[in-house]
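Chains as they are written, first to last, in the numbering used here: chain A, 1 to 382; chain B, 1 to 200.
Mixed in with the good hints, there may be bad ones.
[Unchecked claim] Quick partial rundown of chain B residues pointing at chain A, CB under 7 Å, derived from the structure:
1) P49
2) V52
3) A53
4) V56
5) V62
Hints are computed from structural coordinates only; laboratory data are not their basis. Yeah, the Cβ is synthetic: ideal placement off N, Cα and C, and Gly gets one too.
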Amino acid sequence: MSRTFPADSVGLVTPQSAHFDEPLELDCGRRLPAYDLVFETYGELNRERSNAVLVCHALSGNHHAAGYHADDERKPGWWDKCIGPGKPIDTNRFFVVCPNNLGGCHGSTGPTAVNPDTGRIYGADFPIVTTRDWCRSQRRLGERLGIRCWAAVVGGSLGGMQVLQWAIDYPDQIKHAVVIAAAPRLSAQNIAFNEVARQAILSDPDFRAGHYAADGKLPRRGLALARMLGHITYLSDGAMREKFGRELREGKLSFNYDVEFEVESYLRYQGQSFVERFDANTYLLMTKALDYFDPAAEHGGDLATTLRAVEARSLVIAFTSDWRFPPQRSREMVKGLIDANKEVSYAEITSTLGHDAFLMDSPQYMRVLGNYLSRVAAEAGT
Amino acid sequence: MSLRPDLDIISGWIEPGSRVLDLGCGDGTLLAHLRDTRRVAGYGLEIDPANVAACVKAGVNVIQADLDKGLRDFEDATFDYVVMTQALQVVQRPDRLVDEILRVGRQGVVTFPNFAHWRNRLQLGLGGTMPVSRCLPNEWFETPNIHLCTVSDFERLCRGKDLQVLTRSVVDYSHRRSLGMRLFPNLLGEIALYKLALRR
Numbered sequence: 001m002s003r004t005f006p007a008d009s010v011g012l013v014t015p016q017s018a019h020f021d022e023p024l025e026l027d028c029g030r031r032l033p034a035y036d037l038v039f040e041t042y043g044e045l046n047r048e049r050s051n052a053v054l055v056c057h058a059l060s061g062n063h064h065a066a067g068y069h070a071d072d073e074r075k076p077g078w079w080d081k082c083i084g085p086g087k088p089i090d091t092n093r094f095f096v097v098c099p100n101n102l103g104g105c106h107g108s109t110g111p112t113a114v115n116p117d118t119g120r121i122y123g124a125d126f127p128i129v130t131t132r133d134w135c136r137s138q139r140r141l142g143e144r145l146g147i148r149c150w151a152a153v154v155g156g157s158l159g160g161m162q163v164l165q166w167a168i169d170y171p172d173q174i175k176h177a178v179v180i181a182a183a184p185r186l187s188a189q190n191i192a193f194n195e196v197a198r199q200a201i202l203s204d205p206d207f208r209a210g211h212y213a214a215d216g217k218l219p220r221r222g223l224a225l226a227r228m229l230g231h232i233t234y235l236s237d238g239a240m241r242e243k244f245g246r247e248l249r250e251g252k253l254s255f256n257y258d259v260e261f262e263v264e265s266y267l268r269y270q271g272q273s274f275v276e277r278f279d280a281n282t283y284l285l286m287t288k289a290l291d292y293f294d295p296a297a298e299h300g301g302d303l304a305t306t307l308r309a310v311e312a313r314s315l316v317i318a319f320t321s322d323w324r325f326p327p328q329r330s331r332e333m334v335k336g337l338i339d340a341n342k343e344v345s346y347a348e349i350t351s352t353l354g355h356d357a358f359l360m361d362s363p364q365y366m367r368v369l370g371n372y373l374s375r376v377a378a379e380a381g382t
Numbered sequence: 001m002s003l004r005p006d007l008d009i010i011s012g013w014i015e016p017g018s019r020v021l022d023l024g025c026g027d028g029t030l031l032a033h034l035r036d037t038r039r040v041a042g043y044g045l046e047i048d049p050a051n052v053a054a055c056v057k058a059g060v061n062v063i064q065a066d067l068d069k070g071l072r073d074f075e076d077a078t079f080d081y082v083v084m085t086q087a088l089q090v091v092q093r094p095d096r097l098v099d100e101i102l103r104v105g106r107q108g109v110v111t112f113p114n115f116a117h118w119r120n121r122l123q124l125g126l127g128g129t130m131p132v133s134r135c136l137p138n139e140w141f142e143t144p145n146i147h148l149c150t151v152s153d154f155e156r157l158c159r160g161k162d163l164q165v166l167t168r169s170v171v172d173y174s175h176r177r178s179l180g181m182r183l184f185p186n187l188l189g190e191i192a193l194y195k196l197a198l199r200r
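Model the full assembly from the supplied sequences, consistent with the hints where possible.
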């Protein structure tokens, strides 16, 4: 019997794939001879092809942003709260495209794919890609789908940085940029957390210099540790206190190093389940892409000069309890856009949920995003 | 729907095609009006979440910000006008904000309720109670107004800062002018509107 999905769900979705034969020159100086991008789409492209919205995913995200892959799938896509009929990214009005980034591990060409030059799995040989490389590859996907100009490019966290890169690199191909819980570049503290995560993976004996797949191994402990660390930075102190407090699983101290506190149990579960769905080389690569992201570097660190290229109008959103990419970092982008005389709005959402708030559906967040995108849709003629 | 009368007067003070920063822009009415009638580009600063959402809905550029933190995200002389309507009396340090207004804007436009209006004087002087009026609708315990001032007070502040008053308009609640208000602004005016600049 087939399941009934909620009325505001896009329902059952099937990932698609596009193959590109034309080589892609990468920022690192290497080139990918050919690649695949796996992606999902929701809604219909209108006749004018003016209603396309590109959704960029975060560090551990993928192309499955909304809906369900199967009747028995427990959880919908990662941004299902935002994407669907009548939701802020309204699939009754928009044609939504969400690709898995190059270097990913869910179908787009990445470290888990076979290197055509050697016939073996890329593993550690897969080149480090950057946000600019992602934009380049996604631009080709847009062309393939017949989209000359995106009505909006939307993303949170690493996805938000990609949105900014899109607005800078292809100013005439994006009408609106929606940058959520992001930063114009990482701070030393951000890079430090990424480095500890990488060291956790790199120092796992099963990592085998990145060629664990060839040896039939998985750096489980390292990848799980990296994810546990990441999770701490996604939550706020207050959110953790509220969610776990100092609750003990057994109700009493057991004076050993097994799981005692609920928060330990949570982190271990998050780490272990992540290993089942994510590739360690991809994790390394994604954290590097984050560290390298710094569009203003080409202009001596001057963000306003960098943003002069932008033609899109922008909406920047930050969350008060986000300490990974705090509001101050979003305001840097806003200031840069204002100094460059660009149209921009900025909303600072009160939230106790930390960085993860960008994936939730708090009323003010949904209202601001919905109001903004509703205007985008009206402009696009839908 | 007609424009709030003080906003109508202010609109007449703004050169078409200029760049405006509106402090405490509310639901974006003034900026939307200036955009639609005078090709004015600009941004509003607003702290209230519902107003921020309303501005976004109206297509007005809004920056969620607390005026008490100043205008440090804005560079010197980057706006033709910095406008602040009916917000002077709710900020922590109106004097410092006036400095900020004229640092960021070439001209400043400031409006506030005149606390020395005769009805207020009667209520306080004879009735012995804090004034509640059309312009000051809240009781003392619930009012957001923490720095109410009079026309005379404000002009003393401007003199002390050596600011130039380019235009002054003193009006009643319905924003009508009268001879009486021209002659005795501090007694008969309910709302004061100023256009200011630094003396060169």
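Exercise. Any of the earlier hints contradicted here, and which numbers?
Worked result: Violated hints: none; all satisfied.
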